[in-house]
Amino acid sequence: MVTKSAKQAIGQRFLAAFRDAGAVEVAPDILLDAATLLDLYGEDIRARAYVTADPVRGEVVLRPDFTVPVVRAHMETGAEPARYCYLGEVFRKQDHGETRPEHPRDNEYLQAGFEVFARDAGADAEVFALFHRLLTPYGLSATMGDMDILLDAVRALPVSEARRAALLHHIWRPIRFSRLLARFSAPASPRALPDSAAPWTGLRTGSEMEARIATLSMEPDEPPLPAVWANRLTRLFAVDAPAPQALAQLRELASEIPAIVEAVDRLATRLDQLAARGTDPVAIRFAASHGRETMEYYDGMTFTFTAPHPDWPPVASGGRYDALTAQLGAGRAIPAVGGIIRPGLIAELEASC
Amino acid sequence: MLKLGVPSKGRLMEDTFRWFADRGIALSRAGSDREYAGRVEGADLSLVLLSASEIPRELASGRIDLGVTGSDLVREKLAGWRSDVREVAQMGFGHADLVLAVPACWRDCESLDDFAAIARQFRGTHGFRLRIATKYHRLVRAFLSEHEVADYQLVDSQGATEGTVANLTAEAIADITSSGETLRANHLKILPDALIHASQATLFASQKTDAKAIKAFATQLGL
Numbered sequence: 001m002v003t004k005s006a007k008q009a010i011g012q013r014f015l016a017a018f019r020d021a022g023a024v025e026v027a028p029d030i031l032l033d034a035a036t037l038l039d040l041y042g043e044d045i046r047a048r049a050y051v052t053a054d055p056v057r058g059e060v061v062l063r064p065d066f067t068v069p070v071v072r073a074h075m076e077t078g079a080e081p082a083r084y085c086y087l088g089e090v091f092r093k094q095d096h097g098e099t100r101p102e103h104p105r106d107n108e109y110l111q112a113g114f115e116v117f118a119r120d121a122g123a124d125a126e127v128f129a130l131f132h133r134l135l136t137p138y139g140l141s142a143t144m145g146d147m148d149i150l151l152d153a154v155r156a157l158p159v160s161e162a163r164r165a166a167l168l169h170h171i172w173r174p175i176r177f178s179r180l181l182a183r184f185s186a187p188a189s190p191r192a193l194p195d196s197a198a199p200w201t202g203l204r205t206g207s208e209m210e211a212r213i214a215t216l217s218m219e220p221d222e223p224p225l226p227a228v229w230a231n232r233l234t235r236l237f238a239v240d241a242p243a244p245q246a247l248a249q250l251r252e253l254a255s256e257i258p259a260i261v262e263a264v265d266r267l268a269t270r271l272d273q274l275a276a277r278g279t280d281p282v283a284i285r286f287a288a289s290h291g292r293e294t295m296e297y298y299d300g301m302t303f304t305f306t307a308p309h310p311d312w313p314p315v316a317s318g319g320r321y322d323a324l325t326a327q328l329g330a331g332r333a334i335p336a337v338g339g340i341i342r343p344g345l346i347a348e349l350e351a352s353c
Numbered sequence: 001m002l003k004l005g006v007p008s009k010g011r012l013m014e015d016t017f018r019w020f021a022d023r024g025i026a027l028s029r030a031g032s033d034r035e036y037a038g039r040v041e042g043a044d045l046s047l048v049l050l051s052a053s054e055i056p057r058e059l060a061s062g063r064i065d066l067g068v069t070g071s072d073l074v075r076e077k078l079a080g081w082r083s084d085v086r087e088v089a090q091m092g093f094g095h096a097d098l099v100l101a102v103p104a105c106w107r108d109c110e111s112l113d114d115f116a117a118i119a120r121q122f123r124g125t126h127g128f129r130l131r132i133a134t135k136y137h138r139l140v141r142a143f144l145s146e147h148e149v150a151d152y153q154l155v156d157s158q159g160a161t162e163g164t165v166a167n168l169t170a171e172a173i174a175d176i177t178s179s180g181e182t183l184r185a186n187h188l189k190i191l192p193d194a195l196i197h198a199s200q201a202t203l204f205a206s207q208k209t210d211a212k213a214i215k216a217f218a219t220q221l222g223l
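Chains as they are written, first to last, in our numbering: chain X, 1 to 353; chain Y, 1 to 223.
Simulated from the structure, these hints should not be mistaken for laboratory data.
Just to be clear, a hint being listed does not mean it is correct.
Simulated crosslink set (EDC-like; lysine to aspartate or glutamate; CA at most 16 Å straight-line) [as the list claims (entries may be wrong)]:
#, chain 1, residue 1, chain 2, residue 2
1, X, Lys4, X, Glu108
2, Y, Lys208, Y, Glu58
3, X, Lys7, X, Glu350
4, Y, Lys135, Y, Glu162
5, Y, Lys77, X, Asp95
6, Y, Lys189, Y, Asp97
7, Y, Lys189, X, Asp195
8, Y, Lys77, Y, Glu58
9, Y, Lys77, X, Glu98
Same shape as in the complex, but just chain X (with noise of 0.2 Å):
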């Protein structure tokens, strides 16, 4: 059993290692208003999140992650280029289904964390190869993804607007997004709506209706996606190896979907500046759909580091989320990407060796 100093030691550690590497260390608040989250995250956060109730504030939460109240207290005061670090406890509910496990996961833990603000295009290779550099001790294995060129990718899709807006809000969910593509690559039949005499009830209006019943009368007249790219994109998507060979197979893709040219040229830059940091790219592993299971708002690179113990979770992650600030910014985007670490599962580790 690790005592919590033991683990609050660690993250003291990590800390030190940011403030090392030029980060500000911040100290968010642990009650965070629960709008801007519940909107930002929608229901998975809820079903993770403390929510309770303030007479004057209203609904509050406590902080389920740092990455949006940083990312509003540098929107507020901060100017780029800004790198902070952090280190406290997050709060997560564990709902695990229709059986309890038998060692449940934590509902609060330390997360050691470090942010970059800049619109420096290094940024990336910088924050992973810090991330690597601290975690290499613990032979963790190191997964990268890039959810750029797999955004890329879909907006190259010869579909029109509304497809395309389609499969790039659902790219998240595997499930919805490969049963759209299914449905684009086939003709698509006429539906007939049935007439409803029932009265309008609710907020969304008629017109709403018809608008987009409009879109539905054009799906007719579609050419279908012919089969070649979903095959294209199932190849892409299913890139997983080695970084070095995950980037000669991502090439050969790129002569198919010249629309990732640029995004892989940005990989292979970045798995450049990684050796030239130190990070030999061969100890990466590049799954190309890794972003996938992560938080919608990671848009660019992610980044996991995982311990041989198949029901942990990551010992480590992070990666890209400008739209994330987009959201929060109203508009304003800043370019930001960053990670945490978890300070108590690297105690169970030094502890068990």
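For this one, chain X is given, so just place chain Y on it according to the hints.
For chain Y alone, coordinates are given in the frame of chain X:
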């Protein structure tokens, strides 16, 4: 002696009494209609009458060994319900479906796929997530998450849920229905491929109770 919890009133209590009577165990209220104690003949059992919604919690804590309640309530109220209780028998009455219902005037909504598309459109147009009124938060969330529906939020509604759409406090509802009558009266329609849970009255046993005692009782019931 095993302790059995039964819903304290109405149709569910009467049907439960009949179900046990068919299996040779006579349950009845002791004394007046207002007294929540029960009498048992034909089994070494004590009977307590409780609100159906409290039975899951009482089973989980082991304060009762056996209990009759809706399978929807057990799944909603007990996170990891299989760790707390096990099903002894589905009793074949008290059928009710937990469904997703939308305004009947939505001609363009015939399936969960339509619903997902409408939620995305609604969020884009109105700037907030489409609201679903329900009291079954965990069941509804788990169902929509499994089917990868995004762009919605749950709003709590503990009663008169069908009225929330007309009151503009929700765009859709998830609630229990047996005949669909109240839904129709409120100009709502059920999404055919969004049956969240088909509930019925079920005899549950607490995981805290000795499994052999439960087995013996089940044998007496002819199960």
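Each hint, compared with the structure:
no., hint, in the structure
1, Lys4/X / Glu108/X, "holds, 11 Å"
2, Lys208/Y / Glu58/Y, "holds, 11 Å"
3, Lys7/X / Glu350/X, "holds, 10 Å"
4, Lys135/Y / Glu162/Y, "holds, 12 Å"
5, Lys77/Y / Asp95/X, "holds, 12 Å"
6, Lys189/Y / Asp97/Y, "holds, 13 Å"
7, Lys189/Y / Asp195/X, "holds, 13 Å"
8, Lys77/Y / Glu58/Y, "holds, 11 Å"
9, Lys77/Y / Glu98/X, "holds, 11 Å"
In terms of the numbered hints stated before, the structure departs from none.
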